[in-house]
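Novice: Residue numbers (the numbering used here), protein chains in the order written: chain V, 582 to 1282; chain A, 582 to 1282.
These aren't lab readings, by the way, just hints derived from the structure by calculation.
Warning: the hint list may mix true and false statements.
Chain copies aren't distinguished; within one or between two, either way the pair holds.
[Claimed, not checked] Simulated pairs of lysine to aspartate or glutamate, EDC-like, Cα-Cα distance not exceeding 20 Å:
| id | residue 1 | residue 2 |
| --- | --- | --- |
| 1 | 954 | 815 |
| 2 | 828 | 1271 |
| 3 | 828 | 780 |
2 protein chains.
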Amino acid sequence: MYRLPHVKSRALYTASRVSPFRPLSYLSLKSLPRSFHLSSAIYQDASEQQPALKTGSITDPASCRTYQAHTGPFPARTHHCGGLSAKDAGSKVVLTGWLLPGRKVGKGFYFFPLKDSYGTIQLVLSGGVSPGTLDLMRDTPAESTVLVEGIVNERPANQKRPQQGGDIEVSVTSFILLNPAARDLPFAPSDTRNLPNEEHRLRYRYLDLRRPVLSSNLHKRSEVAHIIRSTLHENGFVEVETPILLKSTPEGAREFLVPTRLSSASPISSAPSVQPSSAPQPLFYALPQSPQQPKQLLIASGAVDRYYQIARCFRDEDGRKDRQPEFTQVDLEMAWVSWGSLHAASKQTDSWRIGGAEVRTIVQTLIRNIWHKIEGIELPEQFRVMTYGDAMGRFGSDKPDTRFGLELRDVTPHLPVQIREALSQRDEIVEALVVPASDETFRRAAAEMQPQESGITRIDVAENGLRIKDDNRLLDPPGPDALAHALALQQGDTVWLARRTRIPEGGSTILGRLRLAIASLAQSSGDLTLPPAPHFLWVTEFPLFTHADSDKEFLAHGRWSSSHHPFTAPMWEDIEKMYAGQIAEVRGQHYDLVLNGTEIGGGSVRVHDPIMQEHIFSKILQLDDTEKSTFNHLLNALRYGAPPHGGIALGFDRLMAILCRAESIRDVIAFPKTGAGTDLLFRSPAPSSDSVLEQYNIRTR
Amino acid sequence: MYRLPHVKSRALYTASRVSPFRPLSYLSLKSLPRSFHLSSAIYQDASEQQPALKTGSITDPASCRTYQAHTGPFPARTHHCGGLSAKDAGSKVVLTGWLLPGRKVGKGFYFFPLKDSYGTIQLVLSGGVSPGTLDLMRDTPAESTVLVEGIVNERPANQKRPQQGGDIEVSVTSFILLNPAARDLPFAPSDTRNLPNEEHRLRYRYLDLRRPVLSSNLHKRSEVAHIIRSTLHENGFVEVETPILLKSTPEGAREFLVPTRLSSASPISSAPSVQPSSAPQPLFYALPQSPQQPKQLLIASGAVDRYYQIARCFRDEDGRKDRQPEFTQVDLEMAWVSWGSLHAASKQTDSWRIGGAEVRTIVQTLIRNIWHKIEGIELPEQFRVMTYGDAMGRFGSDKPDTRFGLELRDVTPHLPVQIREALSQRDEIVEALVVPASDETFRRAAAEMQPQESGITRIDVAENGLRIKDDNRLLDPPGPDALAHALALQQGDTVWLARRTRIPEGGSTILGRLRLAIASLAQSSGDLTLPPAPHFLWVTEFPLFTHADSDKEFLAHGRWSSSHHPFTAPMWEDIEKMYAGQIAEVRGQHYDLVLNGTEIGGGSVRVHDPIMQEHIFSKILQLDDTEKSTFNHLLNALRYGAPPHGGIALGFDRLMAILCRAESIRDVIAFPKTGAGTDLLFRSPAPSSDSVLEQYNIRTR
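Just chain V, with the same shape it has in the complex (with noise of 0.2 Å):
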């Protein structure tokens, strides 16, 4: 009953037998039971043969008309959206895309821009032409999907617009609707100024990303992956996948857990015995926070030589800001890593004196590469390098802002000398942030500024003398007299000043913190423009244990935490100290990179020789046999000749952040979830029913 669509050479396909000013109630012209019409029709103007299948439709309740996908064959697009330009003009083109809203210019011409994920076209009919097809494309529902033959002209001059594709219209000549839009989007995604919010967006997110920005975001970081893999590949590096079904390791953040149907009545080397025993326990296994463990075992096994990883890393923490449950990191190892050749026996804190110069080579040269595709910008061979010393007592940060000065000062010498004697009793210094009068960036800024924490003490230098708040009494007996001397302080100036432990400690000071408190208001009154070439600096020489905090604190039994993780080899200068148990005293071979005041990746040369690292197991963090148990594959993988060895990781999705101007590391990520770890798209986590629990030998609390 039915003739199907008869394919011509280069014609398209079958038309509607209807009026050309009627074209879509099919439900007037034949009716299935089931209310089910099959289609495919093109629509031409010279109406050819019957409409021969029609699919299922949507019908407008406005103009009660259906529209139907087109689930037949039809030819390929010739071009992308994005892909014409004036030398094309005269071209006959297959397009397809989304049919955005049109207009009416003129008497009888229609614009309608035609948007692929390349770019956007216009589209140009006029009523005269083809007056079937206009009517087709004018219902048709904005974000739908189409297909359009026409040919390229040049715009007239008037018309003519600077961005790409604006000199050019394509006049259609025949279209297909390939997939109706329904006309109650949750919102349009076209529609920029009128955005709904974060929330309502990431349920839909299949429709957000349709916005060009999101679109950008994800082809970047596809560019960036590939630049990073190709420059590691050409450097010698082999891509080897490591399990994310791992094992549960004390390692600072929770883990997830990943039910099995194995339980402890199996036998852990046999086939499973799912039969309930009398108490089977269930076993798990555990999302990896990081590759570490098998990245470590991979290069001691001598397999390979280098190895990266563009890892998915997991980490189950209450929401903090900006963070996902599920991350990316550009994760590398190598072996063999040495003093290259620029070691000297250095005094100089600014230079690189650990070992692991091969790796800080390799990422100085990926970053390089990064910025010069992404961003066009020559970045300098070698990065500046600053000790975590002098990162703490200059910055007051671990990870320091380079781009604006404002330096702390240790200005101990000058006080009393019955505060200094009471500071060395307690082994403290204080430590002062100078803004003069004169200082154009900062003046306005400290003169406003509130700290939010307490102990901190502020010195106005007036025309009648200091003004001091003094409110945690640090200058107590009083006397800055020296102080202001040997700060040569004038009107006008502003003094902070705080104490804190001499040896620094933590990821900031106080003061350090209002340092960067003062930069971010002197940037919002535009008195602070910061430069726009990105500072890089590695930080090295971190204490290689601290004081266990809380954050730690729920692996830590004795007095001493790892500063990164227990993997970190010590200085060689400082493995005395360290066996000789002056364990504040270690320094790290860890390094840190940081750009612009941020952290985007940490790595370090690791413990190859297993007696020291059975030490640091032991001895000084003090793990228990349970805990060190978790370790055996590794102290024997160091113990089957393991090279010396290093590493690093990379926060990918932080650097695409950054290379995106992103708020947010949602919006570089196709499908994040939110701060709470809740995927609104898929809803989930979601309830499981206890049939399903029972197999992993689980229950409901």
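Using the hints provided, position chain A relative to the given structure of chain V.
Specialist: Just chain A now, kept in the frame of chain V:
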């Protein structure tokens, strides 16, 4: 007290101040309280300075010698062990690697292989030149990691070997023991003839990976991944990462769940509440079996036109032969897939008569690039195409091995009329596999074949007539004369007959399996040598739906389940039948890629029409509301203007196993699990504690 090693410009480090013949007994020299010695000496003949620092020692009970790891600075290597050749003769080099057991030759020459992940080089020492170094190297346990400095020399002509590096040797002038290996290694990875069983080696995977074959496999895997990514990147594909923490969907095999600290007490869209309420229902993510859902949503959004990912997938199945709970797919999806320029309403069943032309093209390009670069083989531009019907009819398999003949035939027309009528009533046919006496390749195997399955009737053409073994009473009443005449049977021929449904179903038929068994037998006896060129084949036009079977039974409520997945589009010619309820006759736009009888990938053109998709869910698969609701996001995405799209996924582990000629995919995965899903190295899955489970609102049963 200790002198720190002093770095000279070219020389290496301090020497031990001990007799050159007893370089290792540092314990006799000094003792620290803890018996930990800090080390770092390189041993030169000329004693320069006191051995300053030593590290923890490994004492070898046999010799009572003590070996220390080197924890101080050392220079960078100048070459790899595989990177030297005769043109480097005369150069001074610094090399690092694993020291393998040495041998003495003649009066005073000692040779040691030094191996790294790039190759092996021969080190040579003579006792006269550097006795201290020689003794040290002789005593160093095999598999220790070392650094040597030396001079490259050409070997004497009679000692040259053909392998890489076999024409040179390195004369050692100095040596650092970087990390001693224990003497009690679980096994010697270099002793390839005495390897322990796989279970033992999996337990010590970091040692097993030291074997060149596994190292080579990992290198090849990295190379192939790079070819894949580069090819796709050059063809406009965008790499996008999809979530691993996803949502449970009813799609076949069981999924792994991931407990979270969120519970149903917490509103899903705000911060999690971890306070236990009266009955907080635990909430779970699920690990995806494939990126199918996210990739379709991504393409529907238009954010990218062509997506790819080398994706980790997870499947909690009962341990099947050679499968892993986590595995890797090369995953891709394309918007606007069409019928290309090759489309013709073709009657030829060996042509591509479905959509997805662009997917076919890119996969062929990908596979050709891989086979060109890795195997040095040029594959045809277009791969052969076969319909499911043909594949089943001629080869009895939906993944036919086309490297040999032995095709099946439908012999129903040649059977007696009563049999034909009985078959017709059951909608069945009888097919035959004929092995002529003249077939040199298969005659012997056919004669010896003992089929494992029942339901096969065997006819041997003997001198005095047909000998029929017909336990299943296929030929009832007997009367195969017409058959013998039609098949032109001769003495010595063998014929196998079996019944099957007229419309083929499933993955293989009885005779298809018999065909493979005969070929296998013929291979073992040497009669059949398979051609070396790889036989690639597309199989298309599968039935879209199958009767619910045990594999998918826990999903399908009605009579039908999807052959592949519910998102596969029907061939447009069968759309009408689908809506009319003639489900068995509906063919899908699915395509499998087969290589030498193994399926290496499969994909399809998807349903882009939301009404059709809804119809499939509700009317054909009869999903209930809960099951359907898990696909709401997909239905919405289709309603909001989704383009026609299609894609494919290739099994990357399996592809690598084929390219590496590996017996098991475990040999192409760095850290694989056992068949039972256990990780012998990391000892997972493992128990968890009640206190940990409590946070997830679950407990042991």
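Novice: If a hint holds in the structure, say so; if it doesn't, say that too.
Specialist: Hints, verified against the model:
no. : hint         : in the structure
1   : 954 <-> 815  : both (16 Å within a copy, 16 Å between copies)
2   : 828 <-> 1271 : between (25 Å within a copy, 17 Å between copies)
3   : 828 <-> 780  : between (34 Å within a copy, 18 Å between copies)
Hint violations for this structure: none, all hints satisfied.
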